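Which chain is which? The protein sequence lines are A and B, in order. Going by this note's numbering, the first residue of the first sequence is number 1, and it counts up by one from there. Going by this note's numbering, the first residue of the second sequence is number 209, and it counts up by one from there.
Keep in mind the hints are simulated off the structure, nothing from the lab. Predicted, not measured: the structure shown is a model, and the values here were computed from it. Hints may contain errors.
In silico DSSO-like links for lysine-lysine, alpha-carbon gap of 30 Å or less [to be verified]:
#1 B:Lys673 - A:Lys3
#2 B:Lys318 - A:Lys153
#3 B:Lys318 - A:Lys3
#4 B:Lys447 - B:Lys673
Every beta carbon over 12 Å from chain B, so not counted as near; a handful from chain A, in silico [what the hints assert, rightly or not]:
#5 Ala11
#6 Thr14
#7 Gln29
#8 Asp40
#9 Thr41
#10 Asp43
#11 Ser50
#12 Ser70
#13 Gln75
#14 Gly79
#15 Arg146
#16 Ala162
#17 Asp164
All C-beta atoms, glycine included, are put in the ideal place defined by N, C-alpha and C.
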Amino acid sequence: MNKMPVIIIGAFLTFLSSWIGLVAYPYLQLGRYTPFTAEDTGDINPPPLSGMAVMGQRAYASSGCIYCHSQQVRQAGYGSDLERGWGARPTVARDYMRENPAFLGTMRTGPDLTNIGARQPSAMWHHQHLYQPTVVSPGSIMPSYRYLYRLQKIEGQRSANAIDLLPPDNPPDGYEVVPTYEAEALVAYLLSLNRNYPLPEAPEPPQQ
Amino acid sequence: MSATPAHPSTTTPEMDKAERALIDESTRIPVLLFFGSAVFWLLVGTLFALLASFKMNAPHFLDQWGWLTFGRVRPAHLNAVAYGWAAPAGIGVALWLMARLCRTPLRHSKLLICAALFWNIGILLGIFGILSGDGRSIEWLEFPNYASLMLFVAFGLIAVWAVIMFRFRQPGHVYVSQWYLLAAFLWFPWLYSTANILLNFEPIQGGAQGAVNWWYGHNALGLWFTPIGLAAAYYFIPKVIGRPIHSYYLSILGFWSLALFYSWNGMHHLIGGPFPAWMVSASVVASVMMFIPVITTAINHHMTVRGNFGALKWSPTLRFTVFGAMCYTLSSVQGSLMAIPSLNKVTHFTHYTVGHAHLGLYAFFTMIMFGSMYYITPRIVGWEWPSARLIRWHFWLVAIGIGVMVVALTIGGILQGIALLDPGITFMATLDYTKPWLLLRSGSGILLTAGHIVFAVSFTLLLLKAGSKRTEPTLFGSDQGRKPESLVP
């Protein structure tokens, strides 16, 4: 092994094999999905995201939710994802076609969020929980995202989007806490997380 | 080509001390630029690590600012230590090794000085970007594009330099460390550019992103940090002990099996996930096959040190390097086992994986970098380490610190994993299993921080040429006037 070409070409070829197998091939097989339109109902799945939800995707990345929350429901036999009610079916590659980036995650300090929009469909719940997670879910070690909210003086009527907070975080009299645009977007994204729709490669099991 | 070629320095008596000193001196500015900035980012990255760890113990700690929220401090930690500390430390070691092993003074140091500048501007922008909310939340690739572009330019310059250096090498044997370095210089720019283009610059569809993400994430460790760490171990172990590597053939087997199998490992981070079964299976098989390069290298290193373990008592370089080489075996065996689906079911999505990552990037790679810097820095500065006591404190603080951290995260992670598998245990209860261990992890973090401060002080004192000039290398025990049995220059 005293010749540079031997080392370079060998290193090139071994690495090329994995580039083909784990980059080029996945791109061709998993990176060119189109949404599926159900013939009977006309539903398009996965459904397109609202503009607000797309902004929320960015907020999710910006605040680093992925470091504690996964977004993948594994097949039966790989953990208790289905038994915990994190999804009606395992997720498949097409579920992520509109995600950028795809927040698959590697850590579950918090629960899986693949279907959080179905489990917690209330925007107010999400705002409360983001502001005071340890009050809403006792025992949680999620930090507060109160930097995404504004404390302001009530001018005339209380704002329609002011959030209801429990002690000790409730605002003083005459004040209210309102979400910033980023918080509204993040909640819109969380509410959009619902993968309980059927796809040809992942039919939804019958409801029990 | 003889069956067991000796270490280059022992085969060439004509390359005397003066010639080595000339080569060392030629590497001074670029290597010190990389080492110095690495030590700086090590301290910054350690601070972020402490913050992130404390936040898991006390979620309200500093939660009023978005800049310091857990989800930003944690990637800031990873990127500061991986790209700010580990990579530049590795580059510094690689530059010096290339010059020594090519037996030629370092050429075109301006290329490297530019690279160091670009690299550090990139890290600064990247960390700032993550804290201000520009992070991409793609693990190992969080840097916004304006930062990763800088790193890529820096890396391109270094790769060009490496090829030039190799062309100007003295004819003769190409040592095993050089194979690893050359391959790493080829692999990393390819890896980094492919992953950044497909995930950040022109993102592909989400369904394929996970594969590219973990192809990158695992190969950054396996085909960049690992080759540099092994290159250093292959150089310093025989160098300090003063005898050649045990077997040339084991070195060849270890190198090529690593190149072939490591690059296929990535998908074991996605077992059970939304990917075709064959892709995940290929990675599981490749991960188990990693036993071949790992055991081969472990035997080769062990047989080289055998009979000379006494040298660990006096040589800081050897003590850090052998610690690192042993942890390479440990973390790789652990990694292969974690890829087996029945065990992965328990460890996936838990703190166990975090413990494994620290066993690899810290106990293996970082410890070898410390060892290498203890050898290289005095030779290029022309001043010995100011105090053996500081080195001893550094070693024991970080060795105990990383040991406690890995044990805490391993136990906490296994308990968490077993609880997660049982749907009868509520999710909130799975968290309770981890809390005491996360507290212990913070404790270990304090030890590591102290160790890093000691190292930074020692490094700064050396650069300032503090104290009285020593004529002999600073070895453990030299403060007490004890002499080691054998001294190798």
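Structure-inconsistent hints, enumerated in ascending order: Per hint list: 1, 2, 5, 6, 7, 12, 13, 14 and 15 violated.
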